[in-house]
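Number of protein chains: 2
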Amino acid sequence: MKNLLLASTSTLHGSNFLEYLLPELKLHFKNCKTILFIPYARPDGISHEEYTQKTALTFAKIAIDVKGIHEFENPALAIKEAEGIFTGGGNTFLLVYQLYHNKIMTVLKETLEKGTPYLGTSAGSNIGGLSMQTTNDMPIIYPPSFQTLGLIPFNLNVHFLEKEAQSTHMGESRETRINEFHQFNNFPVLGLKEGSWLEIKNGKINLKGGLTAKLFRKNHSPIEITSETELSFIQ
Amino acid sequence: MKNLLLASTSTLHGSNFLEYLLPELKLHFKNCKTILFIPYARPDGISHEEYTQKTALTFAKIAIDVKGIHEFENPALAIKEAEGIFTGGGNTFLLVYQLYHNKIMTVLKETLEKGTPYLGTSAGSNIGGLSMQTTNDMPIIYPPSFQTLGLIPFNLNVHFLEKEAQSTHMGESRETRINEFHQFNNFPVLGLKEGSWLEIKNGKINLKGGLTAKLFRKNHSPIEITSETELSFIQ
Numbered sequence: 001m002k003n004l005l006l007a008s009t010s011t012l013h014g015s016n017f018l019e020y021l022l023p024e025l026k027l028h029f030k031n032c033k034t035i036l037f038i039p040y041a042r043p044d045g046i047s048h049e050e051y052t053q054k055t056a057l058t059f060a061k062i063a064i065d066v067k068g069i070h071e072f073e074n075p076a077l078a079i080k081e082a083e084g085i086f087t088g089g090g091n092t093f094l095l096v097y098q099l100y101h102n103k104i105m106t107v108l109k110e111t112l113e114k115g116t117p118y119l120g121t122s123a124g125s126n127i128g129g130l131s132m133q134t135t136n137d138m139p140i141i142y143p144p145s146f147q148t149l150g151l152i153p154f155n156l157n158v159h160f161l162e163k164e165a166q167s168t169h170m171g172e173s174r175e176t177r178i179n180e181f182h183q184f185n186n187f188p189v190l191g192l193k194e195g196s197w198l199e200i201k202n203g204k205i206n207l208k209g210g211l212t213a214k215l216f217r218k219n220h221s222p223i224e225i226t227s228e229t230e231l232s233f234i235q
Numbered sequence: 001m002k003n004l005l006l007a008s009t010s011t012l013h014g015s016n017f018l019e020y021l022l023p024e025l026k027l028h029f030k031n032c033k034t035i036l037f038i039p040y041a042r043p044d045g046i047s048h049e050e051y052t053q054k055t056a057l058t059f060a061k062i063a064i065d066v067k068g069i070h071e072f073e074n075p076a077l078a079i080k081e082a083e084g085i086f087t088g089g090g091n092t093f094l095l096v097y098q099l100y101h102n103k104i105m106t107v108l109k110e111t112l113e114k115g116t117p118y119l120g121t122s123a124g125s126n127i128g129g130l131s132m133q134t135t136n137d138m139p140i141i142y143p144p145s146f147q148t149l150g151l152i153p154f155n156l157n158v159h160f161l162e163k164e165a166q167s168t169h170m171g172e173s174r175e176t177r178i179n180e181f182h183q184f185n186n187f188p189v190l191g192l193k194e195g196s197w198l199e200i201k202n203g204k205i206n207l208k209g210g211l212t213a214k215l216f217r218k219n220h221s222p223i224e225i226t227s228e229t230e231l232s233f234i235q
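Just so you know, the sequences run in chain order A and B. Quick note on numbering: the first sequence equals residues 1 to 235 in the working numbering. Quick note on numbering: the second sequence equals residues 1 to 235 in the working numbering.
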């Protein structure tokens, strides 16, 4: 049975890395002495080592050790044997490129379907959807496919935000982009605001974090979903 | 000799489609009775027909007819024989997918290098760069390559905007994204604000439109460039 937290962001404005999630993570990873960290998305281009060290400093606060997947000779085996797994944010194109390049997309999917506790933030949550096609990131590298883990039967748009009414910028709004996605793809997209996360546990998907989320379906008007709603109706 | 206008946006806030560019376009396309329109980027998912019609209504104001490339049986021949060409904005992934799918990326490049006057706006300007990798668009469709026309020796980031100082949103700023791009790619990126365009004429590249642009180069601090600057120094 899947046991996942997929968060819109790692960091809230004015707060430290993962700070708002720590009480949740203490419970989520309660049976883990060590978790495996996947630093491939490299926010700001920082190295795997730096990113893993930053993550280790945070998890030390809840007495959990962190090992970066780049420290293992056999990354597939590291995934299979991990007590818990965390994929951090950064660039989704780079993350997906690296998961395919290191041939671990499938083993990661299989491992998470068997119940290894998982945390994703931002890009690490995007890959939980059916495809990475609703990422906000720049295509800085060409991945062999846009298909991702499909741990939930829809896509996520993380760091979701509404267009500000007073904006004079003519670039597409998030909603316009998602509508364009639905010209070519049928599956739903959930816009997840910063501070929201999905809890996938006991066969259920719940919206957590106190904020609303916005659900976009092809040929339907978007709907606003309140926190604590069970989302298994999204197909 | 190339004869191109690459504009950040088709539309300024509070103004009509291409309105701010019309005096420029009258000169640029002065020898054209008809121009060929490439509507592949389909903003908001509108059809090729609708997009072409919208464009035709605008060009009628300067007495130029518009034919959509989708109206031709042989799009490569339509490009070669066009008096002038305009590629409109929308989704860059879709535009690039279609240019490859219809096998016209190379003929478009060759034709524009020979001097057919060209206008690109937004996605239609992105493709003038070396690659589409600094687009802001969502990857709604998987193109066979990110490589584009390379009519200028750098990339564009259109609809460029600075992060607002008071923003509390934690999604990456445009500058952060471009810095991530430079972890994996060496060529410069020019951030082109809405209302700016590049004029490529007589072997020179000039920044037009009265606004500054921001130049990002790998391992250098970004620099602000004033309007009317000649940009051939960017390599």
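Since the hints were made in silico from the structure, they are not lab data. Hints are supplied without guarantee of correctness; some may be wrong.
Said to hold, decoys possible - Label pairs and their computed distance ranges (CB to CB):
id	chain 1	residue 1	chain 2	residue 2	range
1	B	I46	A	L161	22 to 28 Å
2	B	F233	A	L161	34 to 40 Å
3	A	T106	B	K114	55 to 61 Å
To be verified - Here are the computed lysine-lysine pairs in the DSS-like style, where the Cα-Cα straight-line distance is at most 27 Å:
id	chain 1	residue 1	chain 2	residue 2
4	A	K218	B	K54
5	B	K163	A	K163
6	A	K163	B	K193
7	B	K163	A	K54
8	B	K103	A	K54
9	B	K26	B	K103
From the three backbone atoms N, C-alpha and C, an ideal C-beta is built for every residue, glycine too.
Comparing the hints with the structure gives:
1. B:I46 x A:L161: 22 to 28 Å: About 24 Å separates the Cβ atoms of B:I46 and A:L161, which means 22 to 28 Å holds.
2. B:F233 x A:L161: 34 to 40 Å: holds, 37 Å
3. A:T106 x B:K114: 55 to 61 Å: At roughly 48 Å between Cβ atoms, B:K114 and A:T106 fall outside 55 to 61 Å, so the hint is violated.
4. A:K218 x B:K54: The given pair, whose Cα atoms are some 25 Å apart, holds under the 27 Å limit.
5. B:K163 x A:K163: OK: B:K163 and A:K163 at ~15 Å, within 27 Å.
6. A:K163 x B:K193: The hint holds at about 19 Å.
7. B:K163 x A:K54: It holds: about 25 Å lies between the C-alpha atoms, which stays within 27 Å.
8. B:K103 x A:K54: At roughly 47 Å apart (the allowed maximum being 27 Å), A:K54 and B:K103 break the hint.
9. B:K26 x B:K103: violated, 30 Å
Going down the numbered hints, you'll see the structure goes against 3, 8 and 9, while the others check out.
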